[in-house]
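First to last, the sequence lines map onto chains U and A.
For what it's worth, the numbering used here labels the leading residue of the first sequence as 1, then goes sequentially.
For what it's worth, the numbering used here labels the leading residue of the second sequence as 1, then goes sequentially.
Treat the hints with caution; some may be incorrect.
[Claimed, not checked] Under the rule of at most 25 Å between Cα atoms (straight-line distance), these lysine to any residue pairs were calculated in the SDA-like manner:
#	chain 1	residue 1	chain 2	residue 2
1	A	K143	U	V20
2	U	K7	U	Y278
3	A	K103	U	L393
[To be verified] Quick look at which bits of chain A chain U covers, simulated, 3 or more residues with Cβ under 8 Å:
#	segment
4	16-24
5	158-170
6	174-180
7	284-290
8	310-323
Since the hints were made in silico from the structure, they are not lab data.
No residue lacks a Cβ here, since even glycine has one placed at the ideal position from N, Cα and C.
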Amino acid sequence: MRWSDVKSGLLDFWGEFRRVKSGMVGLVLLVLFVGVVLAEPYIIPYSEAGTRWRDITYWEDRPEGVPPAWLFRGLPPTQTISNYAISEEVIGDVLLYEMVFSYDHRYDGAPQDLIFECEAIRKEPLMLSLSLQRPDDRTVDLLRKEVPPGVSRIRIPISKDEDAKNAAYQFALEYDENVRSDTIKTCEVLFTEARPSTPALRGTYALTAAFILSQDDRIEDARIVLPGKVSGLLGTDGQKRDIWSGIVVGLKWALLIGLLTAAVSVAVGVVYGVMSAYLGGWKDALMQRVYEIFVSIPLLPILIVMSAVFRPSVWVMITMMCIFFWVGPVKTVRSMGLQIKEETYIEASRGIGASDARIIFKHMVPLLIPYAFASMALNVPMAIVYESSISLLGLGDATIVTWGQILHDGFTGGAVLRNLWWWILPPGLAIAIVSMSFAFIGFAMDAILNPKLRTR
Amino acid sequence: MYWKYCVTRICSGIVIFVIIVFIFSALFNTVAEETARGQIAETLKAEMSGLRGLSHEELLHYRETRYETMYHQYHLDRPLGERIIWRAIDSLTLNFGKSTMIKSRAQSDNVWTIVSECIPPTVLLFTTAIAIDILIGLWLGLKKAQRAGGIMDKGTSIGTMVVYGMPSWWLGMIMIMLFAYVIKIFPSGGLYSTPRPSGIAFVGDVLYHMALPVITLVIIGFWARAYLTRNIVLGVLQDDYIMAARARGIPERGVLYGHTLRTAAPPIVTMALLSLIVSFGGNIIFEGVFSWPGMGNLYWVAIQQNDVPVLMGNLIVTTALYIAGLVILDLIYGFLDPRIKVGGRR
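Based on the provided sequences and hints, a complete structural model is requested.
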């Protein structure tokens, strides 16, 4: 069989394939996925999501476990304010340095947190105090603290600060005597009408950060961040990570794991099956016994135990899956091979002295290429699902982001219990949709290859 | 000679199992031995702290001899090849050793006791689900084959492809979220309620706890069953004798249930049983989501507790059940399809 024969065979196959609607839908989706992978840097808001997924500092300014922004339009998104008014006053040999950030609150809910950040360039310890002026002209003195020398980056999340919490508690007491200091949430008091479950207080807030510095010290890059109640396209998870970025980054790994595993294992299986059929005799018998041993091993359990024991990287995981997946096409390919073997042209080429390898690879394997493609398409979802099942158990490669790992974090992070559906639903749907498009392609090829199944 | 076929198939199943156990014990030799050494060291530490009134030399001597006897007992003083063989023999005689953390319900640390406790819930869950699954799948598949190419057939075929790669455990999470936390009509997991009811109430309680996992498995499973049934039936419908039956004026129902199903039954039964086995192997960790105390859940627990002996024992028992299932499947297939018995090989 020459290359041009293979080519025309594939073209015929393509001609039939393009008439199957579901197959074409699958193909279009596949092209779309490849497009998404290529456009990844342009469509994820956090460009380093793939490499710094487990780096807490990368995500620290995000809100924790909040729903997608497009669902709740009234709730505040995350805002960063880096414009501020400065006033300086020299008193003796110290400098009183004040920055005023003004923030216009126009949303239904209070922000999740209020974070003050700045760089301090100095030799002496400095005094810092924060106070918040509300639209109802009341001012809450949040905290006053001494920052030791040597710390250059100052980051104060108000909701985690005990002084601020206490200040908020005292403030809330004036409105309601029944508030409890152990359950109070600082920002829920500061940005609402100060009684429990009252609406947000809209208007302009002013956060004043006052420093007492020595004269040649400087404060730079100051800003406040207000992590909101909603975030991005798909919300954030319990570790403040952007789920949309995780899903997009996970796509390339899902495609890589699925396609590579399917391609290698099906290729091995097809060659193995054809060899077994062609060689016959004791070689066939031996190869069949080896095959029987491999099919008798339950796939998922052995993969789980191997992952638990060897803690594989993604590449080792793909290799492991290939070791057990190749048995898939063997049985069908062997029976097809037994038929092809009896064709006269095989006998003819053996007659003119062609080697076994030449007959197998040149005359038998090319005939099975369409079947191999169908089989590959149906193997891709299997590889993706198995990898996510292993990752669900927490045995995934910790240097990459896969959908199974997001689901693992969600499941162990109590997403089911807390009803954080945007953490659980998208990764699983992504697995299902990618698998579905490969199933569309595979089933369409299957229908072409089995003419008996054609509908009347 | 059906019995001859049975004997060969069962023997080959046993031989395959023995070979696989050998492969496992070679593959996991290092980690299994590390655990065994750790366990010996721990036992010895406990023994030593119980000793009183011995001099330093005597203690050292005691330690040395105890170490030697225990290493000998666990065959750790033998060369590598022999150790692997010993471990395989231990596994084949269900002697998986002691767990490091996990205890059975009766507080035993024998791995076989722990694993064997988990078999009934798993078998109960998966057989129930597959039975319902097959009934729905068979019915739907016949309907699809009857009107192949129709809207219903095409629609359900698309359904098959949509759930093709949907992880059952993910659907399980969604179902729990929906039907256990948002609409509180099902329990979120477990085999029975905590004050364990007795008598007939216990059966009802188990069924109530089983409902959500079974529904999830059926929703994922029956599509593929229907699609395969359709393909098998459609293949048979193309045969000449069906055309002849139709030509004789036999009503379509008679053709379908009388003629087609008679021929299609063996592959359909095989396919159904095979799906039970594959579902057992592939969906097993699904139990963890529902905290269903079966073998799949045991994998979760063993991994969390890093309990290597339980993990190994569970793997070997799972493999044994899997192979037993494959053997039974072949026996049933041979019984249903007379062509198999004669040849004895496929």
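To see whether the hints hold, each was checked on the structure:
Simply put, A/K143 and U/V20 have alpha-carbon atoms about 22 Å apart, close enough for the 25 Å limit, and the pair holds. Restraint check: the Cα-Cα separation between U/K7 and U/Y278 comes to about 24 Å, which is no more than 25 Å; the hinted pair holds. Of the supplied pair hints, the one linking A/K103 and U/L393 holds, its CA atoms being roughly 21 Å apart against a limit of 25 Å. Under the rule that three or more residues need a Cβ within less than 8 Å of chain U, the assignment of the segment 16-24 of chain A holds, with 5 such residues.
Only residues whose C-beta sits within less than 8 Å of a C-beta in chain U count toward coverage, and the segment 158-170 of chain A has 11 of them, enough to reach three; the restraint holds. A stretch counts as covered by a chain when three or more of its residues have a beta carbon under 8 Å from one of that chain; for the segment 174-180 of chain A and chain U the count is 3, and the coverage holds. Residue count for the segment 284-290 of chain A with a Cβ under 8 Å from a Cβ of chain U: 4. That meets the three needed, and the coverage hint holds. Counting residues of the segment 310-323 of chain A whose CB lies closer than 8 Å to any CB of chain U gives 8, so the stated coverage by that chain holds, three being the minimum.
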